[in-house]
Amino acid sequence: IFLSTTVPIPYHTSLLTEVWVCELMNGHPDQIRHNLGVSLEVFKLLLTSLRQNGFTISRNGVVLEEQLAIFLY
Numbered sequence: 001i002f003l004s005t006t007v008p009i010p011y012h013t014s015l016l017t018e019v020w021v022c023e024l025m026n027g028h029p030d031q032i033r034h035n036l037g038v039s040l041e042v043f044k045l046l047l048t049s050l051r052q053n054g055f056t057i058s059r060n061g062v063v064l065e066e067q068l069a070i071f072l073y
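Numbering (UniProt numbering), first residue to last: 1 to 73.
It should be emphasised that the hints constitute simulated quantities derived from the structure, not laboratory data.
Predicted, not measured: the structure shown is a model, and the values here were computed from it.
Check the hints yourself; a few may be wrong.
To be verified - For each label pair, taking beta carbons as the anchor points, the in silico distance ranges come out as:
id : residue 1 : residue 2 : range
1  : T5        : R33       : 25 to 33 Å
2  : T6        : T48       : 20 to 28 Å
3  : P10       : H34       : 30 to 38 Å
4  : V62       : V38       : 29 to 37 Å
5  : P10       : N35       : 14 to 22 Å
6  : N53       : M25       : 19 to 27 Å
7  : F71       : I9        : 42 to 50 Å
8  : N26       : N53       : 32 to 40 Å
Every residue gets a Cβ at the ideal spot worked out from N, C-alpha and C, and that includes glycine.
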């Protein structure tokens with residue numbers, strides 16, 4: 001068995017992730033579609049559906065909008 005000795009390096013570490021999601025939601029309509037593959041209307045419908053099913057802020061404090069954006073990205 002080969003055991004790697006390399007330490008994993010986190011990939012998505014930007015401090016601006018929540019700001020980026022806000023920019024997507026408030027920016028040009030094509031921007032959110034290009035980055036996440038869904039329109040703003042669909043993104044908002046998914047958020048509503050998730051909230052209605054009890055999803056909220058994660059244990060580590062990531063807001064639902066950011067969680068969904070990460071999933072879709």
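Quiz item: Checking against the hints above, which ones are violated?
Solution: Of the numbered hints given earlier, those the structure breaks are 1, 2, 3, 4, 7 and 8, listed in rising order.
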